[in-house]
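> Heads up: the protein sequence lines correspond to chains W and L, in order. Everything in the first sequence is counted per our numbering, starting at 1 for the first residue and increasing by one. Everything in the second sequence is counted per our numbering, starting at 1 for the first residue and increasing by one.
Treat the hints loosely; a few may be bogus.
Stated by the list, open to error - Label pairs and their calculated CB-CB ranges: (1) W:147 x L:169: 31 to 41 angstroms; (2) W:66 x L:249: 23 to 33 angstroms; (3) L:211 x W:247: 55 to 65 angstroms; (4) W:44 x L:87: 53 to 63 angstroms; (5) L:253 x W:197: 39 to 49 angstroms; (6) W:250 x L:250: 40 to 50 angstroms; (7) L:136 x W:162: 35 to 45 angstroms.
Stated by the list, open to error - In silico SDA-like pairs for lysine to any residue, Cα to Cα no more than 25 angstroms straight-line: (8) L:168 x W:170; (9) W:163 x L:173; (10) W:163 x L:172; (11) L:168 x W:14.
Note that these hints are calculated values from the structure, not bench results. Just so it is clear, the structure is predicted and the values come from calculations on it, not from any experiment. Using N, Cα and C, we set each Cβ at its ideal position, and we do this for glycine too.
This is what each chain is made of:
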Amino acid sequence: MAGKVIVLTSGKGGVGKTTSAAAIAAGLALRGHRTVVIDFDVGLRNLDLIMGCERRVVFDFINVINGDAKLNQALIKDKRNDNLFIFPTSQTRDKDALKRDGVERVLEELKEGFDYIVCDSPAGIEHGAITALYFADSAIIVTNPEVSSVRDSDRIIGILASKSRRAEFNLEPVAVHLLLSRYSPERVRKGEMLAVEDVNEILSIPLLGVIPESESVLKASNTGTPVVFDEESPAGRAYHDAVARFLGEQRELRFLQPERRSFFRALFGRA
Amino acid sequence: MAIITRAAEKTQHQVIGETRCGARDLGLTVNFEARWAGVGSRMAGNLVQGAVFTVMVVRAGMLRDPAFEPELAEQIRRSPRFFLNAPVVLDLKEASEFTQEAEVAEAREILRRHTLTLIGVQNATPVQLQAAADAGLASFAPNAPQPSRRPPRESAPSAAPIAAAMTKARLVTQPVRSGTQIYARGADLVITAAVSPGAEIIADGNIHVYGALRGRALAGADGDVDARIFCSRFEAELVSIAGHYLVSEQLPPEQRGFSVQIALVDDRLTVTRN
């Protein structure tokens with residue numbers, strides 16, 4: 001088995017990389033693929049919280065890189081899905097602990113046992129983010145529909161095309177996909193947010209999905225449950241669509257129109 | 001010592017000041033020169049760095065004068081530290097000799113005896129230039145027309161093969177992303193995709209963008225005032241030709257989003273629709 005390395009990156013912080021990494025990884029696992037999600041945000045560990053396994057962390061990514069622990073000692077198996085594993089990072093160290101040869105060795109070992117290795121990149125374009133994207137086979141660019149996020153995404157796409165391993169060794173370029181998160185059709189209609197078409201025109205990369213702004217995402221993060229486990233939530237369904245498109249399925253885009261408010265909701269105010 | 005100061009000569013190559021020291025005795029000229037590369041090429045990165053040097057110029061006729069050597073020796077005796085290993089350029093204006101490498105080498109020897117180092121020639125004919133090059137010397141402008149160097153733009157068709165003067169344009173087919181810089185040195189730049197905000201495209205020649213130009217575009221970076229910028233959708237952050245630039249705030253809003261070309265007319269950047 002030779003797993004594929006997927007990086008979730010954005011340049012800008014706070015756009016939903018970790019939420020999306022958790023959701024995409026869980027979505028892949030739900031479809032029967034053995035998947036591990038790695039936290040590259042050394043020193044600002046969050047993925048364990050989003051995945052709800054923060055109390056089970058013993059060893060971490062940096063321990064394994066430094067040879068202080070074995071891979072299977074550090075991997076945490078998800079309690080909801082047997083195909084899903086979480087690889088937390090260190091909260092006490094900093095990004096310098098991410099040594100490229102160590103990361104490569106760990107990723108090579110993970111490729112043996114997993115179909116997909118989902119890397120949750122830190123924000124920025126410094127060492128941590130560069131190391132997270134360096135070994136990627138595919139990249140999912142998480143972007144919010146606003147100009148600063150779009151510009152940072154554009155920058156990171158340029159970096160993927162010039163500084164990744166595939167670029168350095170003149171291999172087939174990293175497959176880049178766009179995931180538009182925190183999308184509010186209502187605010188787009190009012191002109192407060194960029195529309196899907198505007199973002200697409202600037203970035204011109206294949207669109208994997210549009211995740212609507214949704215309270216269920218916040219709730220999912222706070223309870224440590226990836227939003228894809230919530231079948232009712234529009235965001236959860238949008239992530240399922242994105243995973244399906246990533247695997248090559250054709251699916252119609254959803255959640256691009258403002259929600260129709262029902263007669264009763266209109267009567268009794270905001271739902 | 002008489003001091004003569006001269007004003008700027010050309011736009012590209014300014015002589016800031018010139019001091020003559022003991023001109024009547026020795027014909028030694030000390031030049032202070034600075035090269036201005038223009039805003040564009042400064043943005044192009046640290047590809048070539050300019051520097052200012054003080055160089056003495058010795059006129060060729062002086063070397064033949066029997067009084068030259070004693071007078072030079074006397075001058076050096078008065079200020080030996082100034083002349084120790086000082087670089088010298090040989091001015092070959094109206095000099096018919098120095099067409100052989102040996103002659104140039106001999107001149108170098110004479111100067112060497114007086115602690116001076118001959119580094120190059122000036123006002124050389126093509127034959128003299130070849131002799132100087134064979135002797136390992138540099139060429140300092142101005143020189144008589146020379147076939148091996150780039151001919152001046154306005155020169156009439158010469159015997160030089162046209163193919164040698166042709167430079168292939170640089171072609172970019174991928175979108176130019178924010179933070180990326182592309183420089184087409186000595187060539188035109190053709191881009192068949194969009195140029196994102198925060199990207200910078202630079203060419204010594206013209207720039208063509210068959211897509212939206214949203215970043216910065218700098219044409220004529222080495223000073224070509226005839227260079228132009230063409231784009232099929234004009235949303236640039238900055239455009240510049242030969243160092244004259246406009247930022248998006250100064251660009252005509254009525255041309256935004258259209259297919260335009262930008263040219264330098266009477267030292268002003270003008271944007272016209274295609």
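> Look at the Cβ atoms of residue 136 (chain L) and residue 162 (chain W) and judge whether their distance stays inside 35 to 45 angstroms.
holds (40 angstroms)
> Does the structure keep residue 168 (chain L) and residue 170 (chain W) at a Cα separation of 25 angstroms or less?
holds (24 angstroms)
> Does residue 163 (chain W) pair with residue 173 (chain L) here, judged by a C-alpha cut-off of 25 angstroms?
Holds, at roughly 19 angstroms.
> Please check whether residue 44 (chain W) and residue 87 (chain L) have a Cβ separation lying inside 53 to 63 angstroms.
holds (58 angstroms)
> Assess, step by step, whether the Cα of residue 163 (chain W) is no farther than 25 angstroms from the Cα of residue 172 (chain L), and give holds or violated.
holds (18 angstroms)
> Can the restraint linking residue 168 (chain L) and residue 14 (chain W) be considered satisfied, given a maximum Cα separation of 25 angstroms?
Violated, at roughly 45 angstroms.
> How does the Cβ-Cβ distance of residue 250 (chain W) and residue 250 (chain L) compare with 40 to 50 angstroms: does it lie in that range?
holds (47 angstroms)
> For the pair residue 66 (chain W) and residue 249 (chain L), does the Cβ-Cβ distance stay inside 23 to 33 angstroms?
violated (52 angstroms)
> Do residue 253 (chain L) and residue 197 (chain W) keep their Cβ atoms within the hinted range of 39 to 49 angstroms?
Given about 22 angstroms between the Cβ atoms, the range is violated.
> Should the hint that residue 147 (chain W) and residue 169 (chain L) are 31 to 41 angstroms apart at their CB atoms be regarded as holding?
holds (32 angstroms)
> Quick check: does the Cβ-Cβ distance between residue 211 (chain L) and residue 247 (chain W) fall within 55 to 65 angstroms?
This hint is violated: roughly 31 angstroms between Cβ atoms.
Of the numbered hints stated above, those contradicted by the structure are hints 2, 3, 5 and 11, listed in ascending order.
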